[in-house]
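Student: Chain by chain, the residues:
Number of protein chains: 2
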Amino acid sequence: MGMKIRDRLERERRVVNDWLGDCLPEPEELSRPVFDAMSYSLLAGGKRLRPILMVSTSRLFRDGVSPLLRNFACGMECIHTYSLIHDDLPSMDDDDLRRGRPTSHKVFGEAIAILAGDALLTLAFELMSRPALGDEKRQLKALNSIAVYAGSLGMVGGQIADIREAQDDDMAESIRFIHKRKTGALIRASVEAGAVLAGASDEECETLSEFGGKIGFAFQIVDDLLEHLGDSDVLGKNTDSDARNQRLTYPGVMGVERAKDESRDLICDAISLLEPYGKDGEMLKGIARYFVERVS
Amino acid sequence: MGMKIRDRLERERRVVNDWLGDCLPEPEELSRPVFDAMSYSLLAGGKRLRPILMVSTSRLFRDGVSPLLRNFACGMECIHTYSLIHDDLPSMDDDDLRRGRPTSHKVFGEAIAILAGDALLTLAFELMSRPALGDEKRQLKALNSIAVYAGSLGMVGGQIADIREAQDDDMAESIRFIHKRKTGALIRASVEAGAVLAGASDEECETLSEFGGKIGFAFQIVDDLLEHLGDSDVLGKNTDSDARNQRLTYPGVMGVERAKDESRDLICDAISLLEPYGKDGEMLKGIARYFVERVS
Chain A
46 MGMKIRDRLE RERRVVNDWL GDCLPEPEEL SRPVFDAMSY SLLAGGKRLR
96 PILMVSTSRL FRDGVSPLLR NFACGMECIH TYSLIHDDLP SMDDDDLRRG
146 RPTSHKVFGE AIAILAGDAL LTLAFELMSR PALGDEKRQL KALNSIAVYA
196 GSLGMVGGQI ADIREAQDDD MAESIRFIHK RKTGALIRAS VEAGAVLAGA
246 SDEECETLSE FGGKIGFAFQ IVDDLLEHLG DSDVLGKNTD SDARNQRLTY
296 PGVMGVERAK DESRDLICDA ISLLEPYGKD GEMLKGIARY FVERVS
Chain B
46 MGMKIRDRLE RERRVVNDWL GDCLPEPEEL SRPVFDAMSY SLLAGGKRLR
96 PILMVSTSRL FRDGVSPLLR NFACGMECIH TYSLIHDDLP SMDDDDLRRG
146 RPTSHKVFGE AIAILAGDAL LTLAFELMSR PALGDEKRQL KALNSIAVYA
196 GSLGMVGGQI ADIREAQDDD MAESIRFIHK RKTGALIRAS VEAGAVLAGA
246 SDEECETLSE FGGKIGFAFQ IVDDLLEHLG DSDVLGKNTD SDARNQRLTY
296 PGVMGVERAK DESRDLICDA ISLLEPYGKD GEMLKGIARY FVERVS
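Sequence lines, in order, name chains A and B.
Residue numbering for the first sequence follows this note's numbering, beginning at 46 and increasing consecutively.
Residue numbering for the second sequence follows this note's numbering, beginning at 46 and increasing consecutively.
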């Protein structure tokens, strides 16, 4: 299974990369730096897990990839990429390296990095609101839930809680709050939007959203574990930056063994939610297992 | 006319302020700083011209303000506010004062200011994509054009061109490029979206979009003139920051008299586009005149 899912992910990743190459607007000369910076970060590699999850979820209900689904998949990667650019800024994590390359503000300067992030976030919603031959109600519903998951009650809220200086909080509660939002929210949004766009029933959308929430939470726990166990070559970023910034991490708060156990439990629970889909759910199950296999 | 339009604008401004007070999400305790920072900037005052323009345009075609229109009006002000927060950052204009109060990063620090901007931009699209009893195709169309005007081909592109160091450009071309995008784009978007949402024909939407583009361009020329002639008490911000940052300004490039003439011509052209609406167009005409009266 291990190799097989990795091969499939690699194949899907290449397809998504092609889409992403096509989704950026044609540059204007007088504002060229923003286009260069958008392209630099968006096309920098990355696992493309969010678009792949969205497409794989959609395939539970219908074959093929509509232009609408492709726009949403690209939009999700634009949101993810903007969040990385802004997270890396000197006033946030102050990281010099991302995906093995200098971070955006190192290459383009802080002002252009901030604006490139803003432009990618805006582009995401531009892509997702393009006219499509489909059900506009569902298009708006998917766009709206992505906006909720990406905003102050989702990803941005998680980032705020992560950088907030608060000694008096319950650390276990805090780390759960952070991880469910900071990483979990966009992964959940990807799965949920895939289901909504593919015409799933409300009940199916809810179950799959729950699946996405669980694997998203597990993904961040595993990310912490990888940083904790440490291997900057594998991750392509500095593994000491969380410690340097005295951020909470799941193994830091809960201990390594408990972090491993919880991430495995989350994945088991998530996979059990796919029961109704039988063989059609194999790809999503494979991705879910891959999320924890990275560290087991 | 002068007083009358000011009174009407003041009345509309209060209505918009009430809407804005209601559009922010309920804060979560562990991420409270982002909600405080969003509210600090969004409810800081301001002329609310973009929401008022949107609503006034809609009234050319239908009475009243639907919940959908209200959400779009608030969304537009969220986008405007995010752009001000990010523009004021140390790596951009490095301004300490905005609307007579300390800027966001002065109060909350740079990281939270950046994230509050991100959250307001995201909230804008969340508001505009909420389910409404209306024409979803038009809702998506309005949302999409706002995203285009706010992004790399619009407002963000204008900001990039403004901060870019390029000595070899045609300065007259550059300043037009910048002003049409940096300020003009959102004002144009407000008018256009108001028309789209109110059910205007394609032709009407296009004419009104042109009206919005002209008054938006004029607005920024007048803003430059006010800064050039200088009065920090009236503007509630430091008037020397453009000069300090060696930004291009319209009177700086074109001269004061030509800047005044061009802004007046733009407003005349814009007003002539409202001819077909007769008396119904009085409010928009009044706003257009107010845009240049500020400096005449």
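Please note that the accuracy of each hint is not assured.
If several chains are the same, the list does not tell them apart, and a pair holds so long as it fits within one copy or across any two.
Stated by the list, open to error - Mimicking DMTMM-like on lysine to aspartate or glutamate, the simulated pairs with C-alpha atoms at most 25 Å apart in a straight line are:
1) 225 <-> 74
2) 186 <-> 73
3) 49 <-> 268
4) 324 <-> 302
5) 305 <-> 108
6) 225 <-> 81
7) 182 <-> 247
8) 151 <-> 140
9) 186 <-> 248
10) 151 <-> 71
11) 49 <-> 81
12) 225 <-> 71
13) 225 <-> 302
14) 305 <-> 338
No lab work stands behind these hints, which were simulated from the structure alone.
Student: Next step is simple, just say for each hint if it's right about the structure.
Tutor: Going down the list of hints, with the structure as the test:
{"no.": "1", "hint": "225 <-> 74", "in the structure": "between (41 Å within a copy, 15 Å between copies)"}
{"no.": "2", "hint": "186 <-> 73", "in the structure": "between (32 Å within a copy, 23 Å between copies)"}
{"no.": "3", "hint": "49 <-> 268", "in the structure": "within (22 Å within a copy, 61 Å between copies)"}
{"no.": "4", "hint": "324 <-> 302", "in the structure": "neither (32 Å within a copy, 74 Å between copies)"}
{"no.": "5", "hint": "305 <-> 108", "in the structure": "neither (35 Å within a copy, 60 Å between copies)"}
{"no.": "6", "hint": "225 <-> 81", "in the structure": "between (32 Å within a copy, 21 Å between copies)"}
{"no.": "7", "hint": "182 <-> 247", "in the structure": "both (13 Å within a copy, 22 Å between copies)"}
{"no.": "8", "hint": "151 <-> 140", "in the structure": "both (9 Å within a copy, 23 Å between copies)"}
{"no.": "9", "hint": "186 <-> 248", "in the structure": "within (15 Å within a copy, 29 Å between copies)"}
{"no.": "10", "hint": "151 <-> 71", "in the structure": "within (24 Å within a copy, 36 Å between copies)"}
{"no.": "11", "hint": "49 <-> 81", "in the structure": "neither (35 Å within a copy, 48 Å between copies)"}
{"no.": "12", "hint": "225 <-> 71", "in the structure": "between (36 Å within a copy, 18 Å between copies)"}
{"no.": "13", "hint": "225 <-> 302", "in the structure": "within (20 Å within a copy, 57 Å between copies)"}
{"no.": "14", "hint": "305 <-> 338", "in the structure": "within (11 Å within a copy, 67 Å between copies)"}
Consistency with the previously given hints fails for numbers 4, 5, 11, ordered from lowest to highest.
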